[in-house]
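*Asks:* One line per chain: the protein sequences are A and B, in this order. Take the first sequence: its letter number 460 is residue 460 in this note's numbering, and every next letter is one higher. Take the second sequence: its letter number 26 is residue 26 in this note's numbering, and every next letter is one higher.
Hints were generated in silico from the structure; no laboratory data involved. Mixed in with the good hints there might be a few duds.
Cβ-Cβ distance ranges computed for the label pairs, FRET-style [unchecked claim]:
no.	chain 1	residue 1	chain 2	residue 2	range
1	B	G7	A	S65	21 to 31 Å
2	B	S144	A	S354	50 to 60 Å
3	B	D5	A	D80	53 to 63 Å
4	A	D146	B	E153	29 to 39 Å
5	B	E108	A	A15	55 to 65 Å
6	B	K163	A	S42	52 to 62 Å
7	B	D151	A	E294	20 to 30 Å
8	A	D7	B	E153	55 to 65 Å
9	A	I137	B	D151	32 to 42 Å
The beta-carbon is built from N, C-alpha and C at its ideal position, and this holds for glycine as well.
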Amino acid sequence: MPTVIVDDQEIEIGADERLNCIEAARRAGVEIPHYCWHPGLSVVASCRMCLIQAGTRNAETGEVSMIPKLVPGCQTPVKDGTVIVTDSEAVQESRARVEEALLIDHPIDCPICDKAGECLLQDYHFEHGQSERRADIHAFSSRRRDVGPTVTLFVDRCIMCTRCVRFTREVSGTAELMVSARGAKEEIDTFPGFPLDNKLAGNVVDLCPVGALGDKDFLYQQRVWFLKKTENVCGGCAAGCSIVTEHNQDTVYRLKPRENLHVNKWWMCDEGRYGWHHLHNETRIVEASHRDNEDPQAIEWADVLRRLPTDLTDAGRLGVAVSPMLTVEEAWMLCSVARTIDPDAYLAVGHVPSTGADESFPGGFTIRGEKAPNRIGVEMVLSMFGAVSEGGTVPAWNDLLEQVRAKTIQSAWVTAGYPTPERSWCDEATAATFEELSCLVVQDLFESPLSNRATWCLPAVGFAERSGTWVNCGHRAQTFEQAIRPPAGVWPEGRFFWNLLGREGLYDPESIRKQIAESSASFAVLSGEVPSIGLDLRLQQVAVT
Amino acid sequence: MKPSDPGITWIDDKPLGLAERLYVPLLVQGLATTSRHLVSKKNTVNFPEQRPAIGNPLIYRGVHRLNRDENDRVKCVACFLCATACPAHCIDIVATESPWEDREKYPESFQIDELRCIFCGMCEEACPVDAIELTSLLDLTGKSREEMIFDKEKLLSVYDMTKDAEPMKSADLGGTL
Numbered sequence: 001m002p003t004v005i006v007d008d009q010e011i012e013i014g015a016d017e018r019l020n021c022i023e024a025a026r027r028a029g030v031e032i033p034h035y036c037w038h039p040g041l042s043v044v045a046s047c048r049m050c051l052i053q054a055g056t057r058n059a060e061t062g063e064v065s066m067i068p069k070l071v072p073g074c075q076t077p078v079k080d081g082t083v084i085v086t087d088s089e090a091v092q093e094s095r096a097r098v099e100e101a102l103l104i105d106h107p108i109d110c111p112i113c114d115k116a117g118e119c120l121l122q123d124y125h126f127e128h129g130q131s132e133r134r135a136d137i138h139a140f141s142s143r144r145r146d147v148g149p150t151v152t153l154f155v156d157r158c159i160m161c162t163r164c165v166r167f168t169r170e171v172s173g174t175a176e177l178m179v180s181a182r183g184a185k186e187e188i189d190t191f192p193g194f195p196l197d198n199k200l201a202g203n204v205v206d207l208c209p210v211g212a213l214g215d216k217d218f219l220y221q222q223r224v225w226f227l228k229k230t231e232n233v234c235g236g237c238a239a240g241c242s243i244v245t246e247h248n249q250d251t252v253y254r255l256k257p258r259e260n261l262h263v264n265k266w267w268m269c270d271e272g273r274y275g276w277h278h279l280h281n282e283t284r285i286v287e288a289s290h291r292d293n294e295d296p297q298a299i300e301w302a303d304v305l306r307r308l309p310t311d312l313t314d315a316g317r318l319g320v321a322v323s324p325m326l327t328v329e330e331a332w333m334l335c336s337v338a339r340t341i342d343p344d345a346y347l348a349v350g351h352v353p354s355t356g357a358d359e360s361f362p363g364g365f366t367i368r369g370e371k372a373p374n375r376i377g378v379e380m381v382l383s384m385f386g387a388v389s390e391g392g393t394v395p396a397w398n399d400l401l402e403q404v405r406a407k408t409i410q411s412a413w414v415t416a417g418y419p420t421p422e423r424s425w426c427d428e429a430t431a432a433t434f435e436e437l438s439c440l441v442v443q444d445l446f447e448s449p450l451s452n453r454a455t456w457c458l459p460a461v462g463f464a465e466r467s468g469t470w471v472n473c474g475h476r477a478q479t480f481e482q483a484i485r486p487p488a489g490v491w492p493e494g495r496f497f498w499n500l501l502g503r504e505g506l507y508d509p510e511s512i513r514k515q516i517a518e519s520s521a522s523f524a525v526l527s528g529e530v531p532s533i534g535l536d537l538r539l540q541q542v543a544v545t
Numbered sequence: 001m002k003p004s005d006p007g008i009t010w011i012d013d014k015p016l017g018l019a020e021r022l023y024v025p026l027l028v029q030g031l032a033t034t035s036r037h038l039v040s041k042k043n044t045v046n047f048p049e050q051r052p053a054i055g056n057p058l059i060y061r062g063v064h065r066l067n068r069d070e071n072d073r074v075k076c077v078a079c080f081l082c083a084t085a086c087p088a089h090c091i092d093i094v095a096t097e098s099p100w101e102d103r104e105k106y107p108e109s110f111q112i113d114e115l116r117c118i119f120c121g122m123c124e125e126a127c128p129v130d131a132i133e134l135t136s137l138l139d140l141t142g143k144s145r146e147e148m149i150f151d152k153e154k155l156l157s158v159y160d161m162t163k164d165a166e167p168m169k170s171a172d173l174g175g176t177l
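Bound-form chain B, shown alone (with noise of 0.2 Å):
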């Protein structure tokens, strides 16, 4: 749209009125807000002491984890849809057959880029069998970059910790597994 385009209205500023130029009115009426703030209820924390609140884990979107199905195999079934909508790329996955009956095809290695992860949740939309999710962890901290990739087993790692507090979200939802 150029600026002569007739769809736009174009507005000037207003002029200043006498309160504005006398200067004082508005400088009070700052400071009543600044006040007001002073006394009301805070919401921000004192972070890392304080934690703050998590309204709904089931949907918030930290750490990602891996889950296991019940003879406690990666559940992956490394079909690479979260791959593929991933928009900063950051999943990594080389698939092969699988070691058992009962699977045709499992992740050999499976990593996320926490660092380039923009964390959207798009991968645990797109996948098909409820594998990846994304846990209320959110802080997350690393000495070096290549700890920030995250591998299969840390993956794992963070299902085992966090399934208890967060249960797979798929059993409430009609999984498909």
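Only chain A is shown next, with the shape it has when bound in the complex (with noise of 0.2 Å):
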């Protein structure tokens, strides 16, 4: 195995990793700072931040042989005997000295700037700056332009590190962003009528070491250090990107990409970023409500779960749509509810909502068509419980409505909690489908024709106020804590199954994962912890067989 010396401390790499001085460093414990360099884009070392000493060990004599110059840690890779010193005097001096040159004419509005508290500008000043400012520039302020619908540009703030138009030249190929001038005058621009305003721009503002670049829909929300970070999934397609969902008081501020290799890398797309707005929609369905031939009632939670049950058994066979937005622990426990209610009962995944081919960029990111985070754990809990026809396939929603039509089934139970308030994802004709049902009872973020015929019309939860796992695409699983409570007088899916399954004590969804993991070989490996970068269900099948 290859061994790299770290500051005195040996550490030994893989015989075919390719890393650079920085990555080492990462494996050794020590963080060498770099503005310019980022793992998802190409080297450029502009920055000299990460300016260290570098050499080669002799194998045979041990004797160290130094570079004379400083050299970049992000443009040299290691081998086996290089040394990097990243504590010496001249590396320090060296980290100074660039962010003074840096300060220069940087403006000291930290107090305004939204990047504050998690700039790398400040956070590399306190730890390798000088306290005291040789420049007489003081600038307080800086010129501000808009670079596309979403991203707004602090010009001043800029400091040159051209991750931005690195990311747009090759992770979305869109190439929107560019340096114009030179030198003491350069600055971050767009082509005059080519505003940045592709489908990935939003990670441009990830990207920013500073505050330069901002985005239009957190700008001034709220300081960054009174955001509370769950780790999360995004709900909007059926990638399942790794995500983290910031949020204070029970109000989601900003969702940011979680890097994860083995799903959207370190992106996120802008459909997913701004997709959170839903939660706090106010035409939400907030109670539940019980209709007896006439106008709908409000009815408390408690007697939901005493009259549904009976409700339902009386109307007869009982179909059920159990939407792919629900974790694999909801749709478990809706499953087991609805067997319990009618041991017949019809099982099958809710609508899909899709819009189309899947788009992928260059840089190896693709948005799915496919608008649910669940189908693939949904089909596979529902071939736990025997619901798969002739053909081998689950049933879906398209199978459900051609039951309803033959009338098979009497009373329907739809789950759904698609995130799209502006347009109903069930229209008119569908919904008349269900009109002869004697009971039906849907589950919905917001109303629709479906929602008001239902029977039964309960309230759903959004992909924050969740907790359990998702199936995504390729077959990872991932599983992810509630963010934040939803809405008073709503309960999460999970809550009210878990009630319905007469369970003791608050929903855990952990014991729910545990019990599907023991009886369904698909599921096994979910029994142990997760990582937070989730697990590929079918490579664990293939090693458990």
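Given two chains presented individually in distinct reference frames, assemble the corresponding complex, making use of the accompanying hints.
*Replies:* In structure tokens:
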């Protein structure tokens, strides 16, 4: 195994790993400061913050010969015997000079800069910079210009790391951003008439190490140190990007991508990034209601728990649409409840919204056309319950509609929870199909033609209000925690099903997950701890069998 | 620290002497203290008819005010540093883009719950633009809780009321704006 020496500490790296000094040092627990380098982008070595001393140790004599000049850590690959020195006087002096140069005309407007608190310039200056200022320029404000519909640029805050420019060229492949002018006058800009409006545009804000690029959706909404962070999974499409939900006092303020090389790398699409606003939409269904041939009446959850099962039992054969927005645990509990009410219940996957074909980007990022995060997980759960048609496929929403039209079922329980308040997922004609049922239960986020016909209309919750497991289009199971509480009066589906099953105490997705893993080979790997990057169920199945 | 800790020295009460046991000498001693205070200088005032003397109004920590800049606009830039420093969590700010050319951000709403405030002065210390200051107004009354939540207009009016008697401190102390 190749050995690298970082500050007198020997670490071993993989024989075929290709690491640079920053990555190798990170393995040894040493952070080399850097601005322009990003693991997902090409190397330009322009910021000079990662300058370190490097050399080679002769394997036979043990003699170390160092490169006389400082070298950029991002551009210097390590091999067996590479020696990295990150804490010498020369390196520290170089870092202090780089910080001083960057701060000569960087506006000191941290109090009104949205990046303050998570700004690399602040952090590195605190750690590596000097306390006094020799420059006599005291810039306090920054010129601002819009570079796109969602992103704004504070021109003078920029430190010209060009991460954003490289992102638009290498990952989104749209190349809207460029560096205009040269030297001390260089600025990030767009070509006239070509604004930054690609579907991954929001990522440049995350990439920006300082406060130059601002997200208009988040601008001035909240100081970053008030935000609490919960690791979540995006529910916008079947890709299931790993994200961090940043929230305060049960209000989501922004979503950020979380590094997961198996799913989304370091990126997420704008649709997902801004796809949390429906959680705080005022038209959400926030109370359970019941209708007896007249106007719907609000009803307490305790009464729902008591009356709903008997109501469904009396109504005849039950058909259940298990929404692909539900987690694996919730889907399993729903199926269990349905089979308890009616052992012959017809189980089908709920409506799977789709916008057509997948969209891929040069950087290896794909936005899926299937706009539901857990279709595969729900299908796996349904096959556990034997809900498989003759062709070996799991019944879908259209199959359920067929059953309703054929009158083979007399009552239906439709779970939905689709995040589209502006256009309903279910049209009048489809909803009219359910007209003749004796009992219809609808669980949804927003009112729809279907919920208007429901005997029981129950509220659902959004992605950040759930906890459990989603299985994405690549069969990767990712477990996540609830980030915020739903609006007052709304029970998450998990809690409702848990109570319908007659379980004691608070809803505990982990115990359900263990139970599923014990009873199904395909979910067997979920019995243990699920890492934050998730588990590939197909790969694990091969390993088990 | 436990009672058995060797670092603790335990001291018993002194046994009573003859004078203490007789009681009368101590009574005389106490009466002497009382009568001395009857004739000495008074430190209390008959509030509210009489106003207490305030030593240095610049360091007194009374009702807050929001200062105005030279164009009579609110000086605050909505950086939330006062709300961050506040140990009582009594400051609530809603920030937005400012309508003015020369300023980027300003408070759309700025509320201080004066009932919750503990008058520690941390907000004043945290403010990078000397926009929030504590005045020497000390009698703060209201008929309801809602009345005691001071909004931006009210805090600015406190400034208008006190600016002549108590000029902005930043001018003398090398303010930032």
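*Asks:* Next, verify each hint and record whether it holds.
*Replies:* Evaluation of the provided hints:
no.	hint	result
1	G7/B x S65/A: 21 to 31 Å	violated (57 Å)
2	S144/B x S354/A: 50 to 60 Å	holds (55 Å)
3	D5/B x D80/A: 53 to 63 Å	holds (57 Å)
4	D146/A x E153/B: 29 to 39 Å	holds (32 Å)
5	E108/B x A15/A: 55 to 65 Å	holds (59 Å)
6	K163/B x S42/A: 52 to 62 Å	holds (57 Å)
7	D151/B x E294/A: 20 to 30 Å	violated (46 Å)
8	D7/A x E153/B: 55 to 65 Å	holds (58 Å)
9	I137/A x D151/B: 32 to 42 Å	holds (38 Å)
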